[in-house]
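As you go down the protein sequences, you meet chains A and B in turn. Heads up: the first sequence runs through residues 1 to 115, numbered per our numbering. Heads up: the second sequence runs through residues 1 to 113, numbered per our numbering.
Everything labelled a hint here was simulated from the structure, so no lab data went into it. Virtual Cβ for every residue (Gly too), placed ideally from N, Cα, C. Hints are all accurate, no fakes.
DEER-style ranges, computed between Cβ atoms:
| id | chain 1 | residue 1 | chain 2 | residue 2 | range |
| --- | --- | --- | --- | --- | --- |
| 1 | A | A95 | B | T30 | 17 to 27 Å |
| 2 | A | V97 | B | A113 | 39 to 49 Å |
| 3 | B | R77 | A | D18 | 44 to 54 Å |
| 4 | B | W83 | A | N62 | 42 to 52 Å |
| 5 | A | R111 | B | F110 | 17 to 27 Å |
Here are the computed lysine to any residue pairs in the SDA-like style, where the Cα-Cα straight-line distance is at most 20 Å:
| id | chain 1 | residue 1 | chain 2 | residue 2 |
| --- | --- | --- | --- | --- |
| 6 | B | K49 | B | R69 |
| 7 | A | K40 | B | H10 |
| 8 | A | K41 | B | R22 |
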Amino acid sequence: DTAVSQTPKYLVTQMGNDKSIKCEQNLGHDTMYWYKQDSKKFLKIMFSYNNKELIINETVPNRFSPKSPDKAHLNLHINSLELGDSAVYFCASSARVSGRTDTQYFGPGTRLTVL
Amino acid sequence: AQSVTQPDIHITVSEGASLELRCNYSYGATPYLFWYVQSPGQGLQLLLKYFSGDTLVQGIKGFEAEFKRSQSSFNLRKPSVHWSDAAEYFCAVGATGGFKTIFGAGTRLFVKA
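Generate the whole structure from the sequences, applying the supplied hints.
Next up, the structure:
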């Protein structure tokens, strides 16, 4: 069974379009995340939800909007795509231990290419 | 501010040779420390973690890491590298009271035959 799944795996689209990426976890975790990984492999946290509440909202353009319909799902919608949005987007989930984030389980990533 | 430094952008080792990947952190309290591995085209996977107790931590795939508080380090080691170990390795620290995990910039490991 896949612990954290993302769809689609690849996304190729034109500038200006709107697209969504979906994420689901079956680990029973309360916390989910979106990361952006650039071409140099640097991982940048974008958003995090805990029990469906937004708890991390980094400096991300407001064209990016996360939505968590329930604890097992976290989706990412991107409006008016730009060339600079091209990257690999990872979803992750984790439990909490003694007030800190435990191991994060990552999805396989969505490679977004904006033409 | 919390931070994680991986001084080596990339490292090349011969198959069968030993490996050490360096990680230094900046954190005020006792850190939660992690090493993750990312194989090409895949997501990150946990290799090992340190929360407390024995400072020498064993992980999967024959990896181990040692927490040294005096040096603010959590270096990853493997006695004999296999070609399948070629990947990107990330050190990370978990922040107290928050939900963020701070990741290092990663070290790319190349294995030569």
